[in-house]
Structure formats: structure tokens, C-alpha cells
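Protein chains: 2
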Amino acid sequence: MMINPLSEETEARAELSKSQSGIIDCDVHVYPRNAEEIKQYLAQPWKHRFHIRKNHYFQSPVTPRRTVTPDGRSPGTEPEFLREQLLRPHGITTAILLPRADVSANHDPDYAAAVATAYNKWLSDTWLNEYNADGAFKGSIMIAHQDPQSAAKEIERWAGHPHFVQVVIDSGARAPFGQRHYYPIYDACARHGLPLAIHPGADGIGINILASQGYPSHFLEYYAGLSFAMQVHLVSMLTEGVFERFPDLKIVITEGGVTWMPALMWRLDQEYKGLRSEVPWMKKLPSEYLRDHVRMTTQPLERPQRNEELLDVLSMMNYEEMLLFSSDYPDEHFASPDQLEFLTPRARSRILSENAKLLYHLNISSKGV
Amino acid sequence: MMINPLSEETEARAELSKSQSGIIDCDVHVYPRNAEEIKQYLAQPWKHRFHIRKNHYFQSPVTPRRTVTPDGRSPGTEPEFLREQLLRPHGITTAILLPRADVSANHDPDYAAAVATAYNKWLSDTWLNEYNADGAFKGSIMIAHQDPQSAAKEIERWAGHPHFVQVVIDSGARAPFGQRHYYPIYDACARHGLPLAIHPGADGIGINILASQGYPSHFLEYYAGLSFAMQVHLVSMLTEGVFERFPDLKIVITEGGVTWMPALMWRLDQEYKGLRSEVPWMKKLPSEYLRDHVRMTTQPLERPQRNEELLDVLSMMNYEEMLLFSSDYPDEHFASPDQLEFLTPRARSRILSENAKLLYHLNISSKGV
Numbered sequence: 001m002m003i004n005p006l007s008e009e010t011e012a013r014a015e016l017s018k019s020q021s022g023i024i025d026c027d028v029h030v031y032p033r034n035a036e037e038i039k040q041y042l043a044q045p046w047k048h049r050f051h052i053r054k055n056h057y058f059q060s061p062v063t064p065r066r067t068v069t070p071d072g073r074s075p076g077t078e079p080e081f082l083r084e085q086l087l088r089p090h091g092i093t094t095a096i097l098l099p100r101a102d103v104s105a106n107h108d109p110d111y112a113a114a115v116a117t118a119y120n121k122w123l124s125d126t127w128l129n130e131y132n133a134d135g136a137f138k139g140s141i142m143i144a145h146q147d148p149q150s151a152a153k154e155i156e157r158w159a160g161h162p163h164f165v166q167v168v169i170d171s172g173a174r175a176p177f178g179q180r181h182y183y184p185i186y187d188a189c190a191r192h193g194l195p196l197a198i199h200p201g202a203d204g205i206g207i208n209i210l211a212s213q214g215y216p217s218h219f220l221e222y223y224a225g226l227s228f229a230m231q232v233h234l235v236s237m238l239t240e241g242v243f244e245r246f247p248d249l250k251i252v253i254t255e256g257g258v259t260w261m262p263a264l265m266w267r268l269d270q271e272y273k274g275l276r277s278e279v280p281w282m283k284k285l286p287s288e289y290l291r292d293h294v295r296m297t298t299q300p301l302e303r304p305q306r307n308e309e310l311l312d313v314l315s316m317m318n319y320e321e322m323l324l325f326s327s328d329y330p331d332e333h334f335a336s337p338d339q340l341e342f343l344t345p346r347a348r349s350r351i352l353s354e355n356a357k358l359l360y361h362l363n364i365s366s367k368g369v
Numbered sequence: 001m002m003i004n005p006l007s008e009e010t011e012a013r014a015e016l017s018k019s020q021s022g023i024i025d026c027d028v029h030v031y032p033r034n035a036e037e038i039k040q041y042l043a044q045p046w047k048h049r050f051h052i053r054k055n056h057y058f059q060s061p062v063t064p065r066r067t068v069t070p071d072g073r074s075p076g077t078e079p080e081f082l083r084e085q086l087l088r089p090h091g092i093t094t095a096i097l098l099p100r101a102d103v104s105a106n107h108d109p110d111y112a113a114a115v116a117t118a119y120n121k122w123l124s125d126t127w128l129n130e131y132n133a134d135g136a137f138k139g140s141i142m143i144a145h146q147d148p149q150s151a152a153k154e155i156e157r158w159a160g161h162p163h164f165v166q167v168v169i170d171s172g173a174r175a176p177f178g179q180r181h182y183y184p185i186y187d188a189c190a191r192h193g194l195p196l197a198i199h200p201g202a203d204g205i206g207i208n209i210l211a212s213q214g215y216p217s218h219f220l221e222y223y224a225g226l227s228f229a230m231q232v233h234l235v236s237m238l239t240e241g242v243f244e245r246f247p248d249l250k251i252v253i254t255e256g257g258v259t260w261m262p263a264l265m266w267r268l269d270q271e272y273k274g275l276r277s278e279v280p281w282m283k284k285l286p287s288e289y290l291r292d293h294v295r296m297t298t299q300p301l302e303r304p305q306r307n308e309e310l311l312d313v314l315s316m317m318n319y320e321e322m323l324l325f326s327s328d329y330p331d332e333h334f335a336s337p338d339q340l341e342f343l344t345p346r347a348r349s350r351i352l353s354e355n356a357k358l359l360y361h362l363n364i365s366s367k368g369v
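Line by line, the protein sequences give chains C and P. Numbering-wise (full-length UniProt numbering), the first sequence opens with residue 1 and increments by one. Numbering-wise (full-length UniProt numbering), the second sequence opens with residue 1 and increments by one.
The hints are simulated quantities; they were obtained by calculation from the structure and are not laboratory data. Given the structure is predicted, the values throughout are model-derived calculations rather than measurements. Some clues are possibly wrong.
[To be verified] Computed spacing ranges between beta-carbons, pair by pair: (1) P:Lys-273 x C:Arg-291: 28 to 38 Å; (2) C:Glu-84 x P:Arg-191: 35 to 45 Å; (3) P:Thr-63 x C:Arg-245: 22 to 32 Å; (4) C:Trp-281 x P:His-51: 32 to 42 Å; (5) C:Arg-306 x P:Arg-191: 32 to 42 Å; (6) P:Phe-342 x C:Glu-308: 17 to 27 Å; (7) P:His-192 x C:Pro-247: 52 to 62 Å; (8) C:Pro-162 x P:Thr-344: 56 to 66 Å; (9) P:His-181 x C:Asn-34: 33 to 43 Å; (10) C:Glu-36 x P:Arg-191: 51 to 61 Å.
[Unchecked claim] Incomplete in silico selection of chain C near chain P, CB under 7 Å: (11) Ser-212; (12) Ala-224; (13) Glu-271; (14) Pro-304.
Cβ coordinates follow ideal geometry from the N, Cα and C atoms, glycine included.
Given only the sequences and the hints, what does the whole structure look like? Please build it.
See below:
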């Protein structure tokens with residue numbers, strides 16, 4: 001049989017195109033246009049207290065510019081501009097939306113819960129309904145983890161909603177997430193098949209004495225260390241036996257980096273062998289729980305100078321199953337699907353689309369928006 | 001020329017033997033036999049307050065048994081037994097001693113400084129003098145980092161001593177180590193060519209609000225996360241510009257694990273590119289500072305199931321220069337030099353001996369003790 005280079009190339013392109021259609025972006029941030037959009041859902045005494053801080057928790061020296069709308073509106077506030085700038089050019093058919101708000105560090109658990117509820121109502125009415133004719137937007141249920149009982153009720157409130165597909169919490173907390181008072185949240189997530197996303201934020205701020213980095217001085221210091229809180233929470237959840245107690249619970253590490261995972265798995269597996277008498281509820285190697293229960297979004301993926309090194313490390317952690325593509329739009333850290341071109345078509349297809357479909361129980365066409 | 005397999009083997013053995021003679025163990029813990037050994041160096045009002053806690057900071061479920069002396073004395077208290085059990089059988093000619101005491105978490109900086117001074121006097125009189133006829137023991141200057149000015153004076157006090165070769169602090173602290181009030185310590189270390197070892201301990205205990213892991217529930221959780229505080233301190237020292245301000249400062253990460261380093265280098269280098277306007281004092285890539293200024297002891301080295309994976313990761317971080325062999329004697333985590341047999345003879349020779357000789361300015365014979 002003759003080999004036809006042209007048809008080979010065509011086939012490769014078709015494969016590439018196929019693997020890049022129906023992309024699911026698992027970390028897209030949207031915001032209300034102004035405080036009034038949230039306030040309309042808040043009763044007193046909370047309403048008059050609510051405002052939107054310009055910088056969430058930590059002052060980045062880099063202000064997003066590319067994602068400001070042509071008429072000067074804030075990044076992540078306009079659905080049509082988001083479709084035009086993010087979805088269409090990159091073949092993204094589904095965006096998992098993670099609104100960001102100031103709830104996890106607040107001293108008043110009732111205020112924090114009320115703000116979370118107001119954001120969920122706002123997201124449900126706008127991005128998940130009014131702006132969602134094509135069904136491109138899926139939402140994250142915001143909860144205030146200071147009061148896990150109340151947070152569980154908030155999850156129950158939205159669990160049947162067709163477009164809320166996960167729960168999201170900040171990494172900043174009073175205690176590592178394996179500790180027992182958090183279990184009502186995990187029980188609600190597991191019962192409703194809702195993954196729990198942990199997003200960086202509120203570490204060491206306000207009431208959050210779990211300050212994994214202490215009190216960093218610069219944004220570079222803070223951002224370079226985003227993985228530390230994630231690792232703390234995962235180690236705590238493993239050693240406290242959360243995944244045995246809630247076998248259906250899935251955790252999504254968003255914006256926490258990726259390549260630290262193999263070293264953590266090795267360290268955990270090694271110490272588990274000598275110390276498991278202390279944690280008899282752990283039935284498997286820590287790395288097995290991590291593979292089964294944890295997913296990680298790709299932005300910010302560490303990029304060494306040589307892709308071979310990155311591939312070597314990824315191959316040590318079942319990356320084809322564990323990773324979910326994310327752009328982190330509209331942040332300046334934005335990463336397009338093209339940044340995964342160094343992976344095999346099979347790995348790309350899983351990370352860009354299949355893994356998220358499975359995780360979020362999405363049944364979507366592969367057509368573009 | 002004929003190849004003689006026997007002579008080849010002899011040569012290889014000679015090379016191996018050469019590389020394993022004169023081994024330097026960079027993390028050996030010694031303790032006073034009883035509280036009186038320290039109290040004799042303490043004045044009132046400190047003397048009556050001093051006692052030795054059975055467990056330093058965190059209760060391990062594993063008590064060292066193999067290192068209890070034949071007549072039932074505590075591990076790490078008897079020099080002849082330590083020679084017999086650690087030095088002679090493993091060809092270790094030099095042990096860098098790191099006494100462990102309860103100074104970094106104490107609310108009273110004067111008490112903490114007095115205890116540190118007492119330990120230094122005790123170590124100087126015993127392990128570095130009375131027990132040191134063969135010169136096998138080198139010491140670490142203990143300081144209480146709560147009061148950096150006083151700590152710097154303590155360093156000055158011992159800097160000319162022939163057998164104190166580094167300064168040691170606990171990782172547990174009130175703030176990440178890049179922050180400015182710590183600089184008198186770095187100034188003293190750099191001026192006297194004394195590396196600063198950071199050893200796990202006192203994280204989140206007492207006054208140490210830098211609780212990198214929050215308040216872990218189990219020893220496994222704590223031990224698996226030992227690297228987090230180390231990473232926090234390194235990121236802080238880099239971004240605050242400590243290594244530009246003190247170009248001669250060397251940091252030794254002891255008992256903090258190893259294989260997390262490449263992922264941290266990648267993350268730092270990547271974010272530095274976008275955020276360096278914030279830290280104009282950083283003149284080089286973060287990974288370059290780490291390679292030049294940081295050394296890491298090998299115990300506990302993460303051990304994946306396949307040595308190839310470990311070698312791959314090590315090769316991403318200049319491991320031949322950065323690693324220093326350590327046994328962590330008399331802890332149950334003890335690792336012998338044999339555990340590095342998977343490395344090349346050249347790498348082993350550097351890690352077992354040459355790197356430490358350079359770092360600590362040791363001029364020692366390669367004969368066994």
C-alpha cells in the first residue's frame with residue numbers, strides 16, 4: 001500500500017480538529033457588572049454592608065487589560081464578549097463558571113452565607129439562564145465554608161438545578177479540609193454527585209488562621225505558592241479518611257498548579273507504609289485515593305524549558321485522567337487550549353473534553369457555539 | 001588490548017569504596033542525657049523553668065527502638081554507641097550534629113535565647129570536645145529566631161569555634177523567613193561563612209502563627225507535609241531578595257524532602273517572568289538562586305516504585321550539587337548511605353561527601369573513624 005503524505009496530514013488535521021471540538025473550559029471567572037446586581041438578592045441587614053472589592057484578597061501588580069470589553073466594562077462581565085473572545089476562537093462549547101466573591105474570610109457566617117446565596121441567585125438568573133440560550137454556561141454553587149451546616153443547605157437548594165454542576169470553596173480556611181466539622185459539605189456534595197472545587201483565595205485573610213504561606217509580602221510570592229494550601233487540604237482529607245467516608249466525593253483543584261502532585265504522592269505513600277496504624281480508616285495507598293478522587297485544572301500548568309521534562313513528570317501521575325483543561329479567563333494568566341499541543345491527541349482529547357464530561361455528567365454536542 | 005572482567009570489577013569496587021569512604025552525614029540528632037546537663041548552663045530565672053519534653057512538638061506513633069542503647073539509654077545520647085551503630089558500619093567519618101530543643105515556639109524570647117545558649121555550651125563541651133577525640137562531630141549553632149538581634153549575637157559568640165559549622169533554626173515561625181526582621185541572622189551567617197539549616201519543627205506551635213499546615217490531626221499528615229513550610233520560606237527568601245542582599249548565604253533544607261524542588265522551580269520561574277516588576281531586586285531566575293544558595297539533605301528522600309522516575313525528577317534540579325547525604329539518626333526514619341546506591345558513582349561521591357566538604361569548609365581525611 002502506498003503512503004500518501006497529503007492524506008496522512010489531512011487525517012492528522014481531522015484528528016486534531018476532532019480533539020479540539022467541544023472543549024470544556026473548567027475555570028472561567030464571571031462577575032456582576034456592579035454591586036446592585038448582587039444587592040437586589042440581599043435582604044437587610046446584609047444589603048447595606050455589601051460592596052465589591054476591586055482586588056480579591058491580594059493586590060496583583062498585573063491588571064487584566066486584554067479582557068476589558070471594547071466599551072470599557074470590566075473583564076468577565078459581558079456574556080457576548082466572553083463568547084466572542086473566549087469560546088468561539090478556541091472551540092470551547094462549555095465554560096464552567098466560578099464567580100469570585102468575598103465570602104470565605106468574613107467574620108460573620110450569616111453575612112457570608114447570605115452573600116453566597118445572593119451570588120448563586122444572580123448566577124442562576126443571568127449566566128445560567130438569561131445569557132445561556134446556547135447552554136454554554138455551567139455554574140458553580142458558591143458556599144461559605146465557615147458554617148458547614150448552612151453551606152450544606154445552600155448546596156441542597158441548588159442541587160437539582162440543570163446548570164449548576166459543582167460546588168466551589170476558597171482554599172483559605174480556619175482548618176485543613178479533612179477536619180470533621182466540614183463533613184456536612186462533603187455529604188451534600190457526594191449525595192448530589194456534585195464535585196467540590198477548591199479555588200485559591202482568602203488564605204490567611206480575615207478569620208482564616210490556616211495561612212499556609214503566613215503573610216506573604218508580594219503577589220509573586222503568593223501566586224508561586226498557591227499549591228501549598230491545596231496540598232495541605234489534600235493531605236488532611238486523605239489522612240482524616242474523608243474519601244473512605246464519602247466514596248463518591250470528587251475534588252477539583254483549580255488554579256493550584258499540577259506538577260507538584262507526583263512528589264506529594266511519593267511522600268504520602270512512603271510515610272503511609274510506616275504510619276498507617278495511626279489512620280486505620282485509610283484502606284488504600286494515598287496515591288490511589290488521589291487518582292480516584294482528585295482532578296486538577298491545567299492553568300497554571302508549570303512549563304519547564306523542555307516539554308520532555310513536563311511530560312516525564314505528568315506521566316508519573318495518571319495525568320490523562322486527572323487533568324481538566326482551564327483557561328482562567330479573564331485573568332492575565334489566561335491559557336488557551338493551544339498550550340496543550342505538546343500532548344498526544346488522545347491525552348488532549350481527554351483533558352480538553354472527555355474528563356470534564358465524565359466528571360460533570362455533561363451530555364453535550366461537540367458542535368461549536 | 002584484552003579486557004579483563006576481574007580487573008574491571010576490582011576497579012569498580014575500588015571506585016565504590018572510594019566514593020563511600022569519608023561519608024559526611026548532614027543530619028544527626030543528639031540530645032542531653034537528662035535536663036541537668038542543660039540546666040548547669042542556665043541561670044535563674046530560666047533554670048527552674050527548663051525541662052525536656054518527651055516529644056518535640058508532635059506526637060509520633062513510632063518510638064525509636066533500634067537506637068536505644070544496650071543499657072536502655074535514650075537514642076542519640078551516647079557518643080560511643082552512636083559511633084558503633086552509625087559511623088563505623090556506614091563509613092561515616094563526619095556527623096553534622098543538630099540538637100533538637102524547645103526554643104522556637106516559646107513565648108518568651110529571653111528564655112528561648114537562654115536555652116539556645118545553654119544547648120550550645122553543652123554541645124561545645126560534650127560532643128564537640130569531650131566526646132570528640134577523633135574529630136568526627138561537627139555542630140550546629142542553635143538560635144531562637146524570635147529575637148533575630150539576640151540570635152545574631154549568639155552566632156557571633158560561636159563563629160570562631162573550630163567545630164561549629166552551621167546555624168540551625170526550626171521551620172516553625174511567626175513569619176516567612178524572607179521578611180526583614182530576620183536579616184540580622186542572615187548577616188551574621190553570611191559574614192562568618194556559616195550555612196543556615198532549616199529543620200522541621202514548631203510549625204503552628206506556641207507563638208508560631210505561620211502554621212503552614214494549619215493544625216494537623218495526625219503525625220502522618222504532619223510528616224507528609226514537612227516540605228510545605230520549607231517551600232514557603234524559600235519562596236519568601238527569593239521574592240524578598242534575601243540572596244541578593246546576602247550573596248554568601250547558604251540555606252540547608254534538612255528533613256524536608258527533595259523531589260518537590262523541580263515543580264517549585266518551574267512555577268517560580270514562570271511567574272517571575274510576568275511579575276518581576278514587583279520584585280526588581282531579583283536579578284536572576286528564581287531557579288538560579290535556588291541552585292546557588294540551597295542545599296537539601298537526602299533523608300527523607302521520596303522513593304517512587306521505580307528508581308527511573310526518581311532519577312528523572314532529580315535530573316531536573318542539579319541534584320548532584322544540591323543534595324547532601326543525611327541519615328536522620330537516631331530517628332526511626334533512619335536512611336543509610338546504601339539507599340543512594342541507585343545513583344552513579346560520581347553523583348554518590350558528591351552527595352555522600354564532596355558537597356558537604358565544600359559547604360562546611362571541611363578539610364578532613366577520607367579515613368574511617
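Going down the list of hints, with the structure as the test:
1. Between P:Lys-273 and C:Arg-291 the Cβ separation comes to about 32 Å, which falls inside the hinted range of 28 to 38 Å.
2. Evaluation of the 35 to 45 Å hint for C:Glu-84 and P:Arg-191 yields a failure: the beta carbon distance comes to about 60 Å.
3. At roughly 29 Å, the beta-carbon separation of P:Thr-63 and C:Arg-245 lies within the given 22 to 32 Å, and the hint holds.
4. The hinted range of 32 to 42 Å is satisfied by C:Trp-281 and P:His-51, whose Cβ atoms lie roughly 35 Å apart.
5. Here the CB-CB span from C:Arg-306 to P:Arg-191 is close to 39 Å, well matched to the stated 32 to 42 Å.
6. Taking the beta carbon of each, P:Phe-342 and C:Glu-308 are about 21 Å apart, inside 17 to 27 Å as hinted.
7. At roughly 56 Å, the beta-carbon separation of P:His-192 and C:Pro-247 lies within the given 52 to 62 Å, and the hint holds.
8. The hinted window of 56 to 66 Å between C:Pro-162 and P:Thr-344 holds, with their beta carbons roughly 59 Å apart.
9. Range check, P:His-181 to C:Asn-34: about 42 Å between beta-carbon atoms, so the 33 to 43 Å window is met.
10. Take C:Glu-36 and P:Arg-191: their Cβ atoms lie about 60 Å apart, and the range 51 to 61 Å holds.
11. Hint status for C:Ser-212 relative to chain P: holds, with the closest Cβ pair at about 5 Å, below 7 Å.
12. With 7 Å as the threshold, the beta carbon of C:Ala-224 comes within range of chain P, its nearest partner Cβ sitting at about 5 Å, so the hint holds.
13. Below 7 Å, beta-carbon pairs count as interface contacts, and C:Glu-271 has one with chain P at about 5 Å; its hint therefore holds.
14. Satisfaction of the interface hint for C:Pro-304 is found here, the shortest Cβ-Cβ separation to chain P being roughly 5 Å, below the 7 Å cut-off.
Of the numbered hints listed earlier, the single one contradicted by the structure is hint 2.
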